[in-house]
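So the sequence lines, in the order shown, correspond to chains H and P. Here the first sequence is numbered in our numbering, starting from 1 and rising by one per residue. Here the second sequence is numbered in our numbering, starting from 1001 and rising by one per residue.
Since the hints were derived computationally from the structure, they do not count as laboratory data. Some hints here could point you the wrong way.
Claimed, not checked - Chain H is faced by these chain P residues, among others (derived, beta-carbon under 7 Å):
hint	residue
1	1031
2	1043
3	1048
Beta carbons are placed, not taken as given, at the ideal position from N, Cα and C, and that holds for glycine.
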Amino acid sequence: AQKVTQAQTEISVVEKEDVTLDCVYETRDTTYYLFWYKQPPSGELVFLIRRNSFDEQNEISGRYSWNFQKSTSSFNFTITASQVVDSAVYFCALSESNNNDMRFGAGTRLTVKP
Amino acid sequence: DVKVTQSSRYLVKRTGEKVFLECVQDMDHENMFWYRQDPGLGLRLIYFSYDVKMKEKGDIPEGYSVSREKKERFSLILESASTNQTSMYLCASRKGGLSTEAFFGQGTRLTVV
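Next comes chain P alone, as it looks inside the complex:
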């Protein structure tokens, strides 16, 4: 069974902290994604990676960075967490190719206080 695993289900961090959200997939997928889900705004793409060490900005990259040192792992980094980054974060992976579906993790609900 395919699996995308996010390291934490719930996280509470303080303003200004550096925060790491980790995501691991076991399907050997080339592409990995980080989305942010907010009520009324749906899933907004933060960053994605199409290969190891490769990354591209999505629609809302400000305040975030990513790291992909190994194919199976894609990390989202909040350099200095702010309260407006309180949200649900969803990681996804997808095999290369236009027709392939994305597989999602269970999500990390991050609260910045």
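The following block holds chain H by itself, in its conformation from the complex:
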């Protein structure tokens, strides 16, 4: 069963637009972590942020912000004033307390046009 769902396969925006990438997860654990990764055209995945299941405070880092809502099992990622360099595939991932592994969603390909 899919544990992490990223329903948006591809999103295309024009530079300076705001864009939100959705992530919905499924787990029975009470303790877990969620992650976002960026995969630029070069191919190597880069870690962006982690969030634990007990911390529902939203986080902002520059133009990036993350909204974690346990009630809807969602961990959405917003880029404000997007730039061409934000073009990449973005992955959401889940790490559960009873596993050593990390499960990823299908990814969302974001294209930011000049």
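Could you slot chain P onto chain H? The hints should help.
Okay, now just chain P, sitting in the frame of chain H:
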């Protein structure tokens, strides 16, 4: 700087060949992973290892095996390569613990002809 290195960036193999994909990490991480990335399917876990000589199946282990004889090295083996194994293969490592992030290699694009 942390490093996960995959032995090949591009590989072309023939159907039926035995294929080895090698991955080395220099961070003394306990956990290592092999994922396969296909368009529309994201990263799917093939196998992972949480210690030397220990391994666990992921979501799509069929047609693959792994080897971890040393902590820093994790090999993915395609026993008899088939065209449906043409894909991008990503290796990752991760320190033990729920909160730790994974570090990825640059990927190996394997084409089976």
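Query raised in the report: Minimum Cβ distance from residue 1048 (chain P) to chain H below 7 Å?
Result: holds (5 Å)
**Report entry** Given hint residue 1031 (chain P) near chain H, where the shortest CB pair must fall under 7 Å
**Finding:** holds (5 Å)
Query - Hinted contact residue 1043 (chain P) with chain H - closest CB pair below 7 Å - result: holds (4 Å)
Against the hints set out earlier in the document, no violation occurs for any number.
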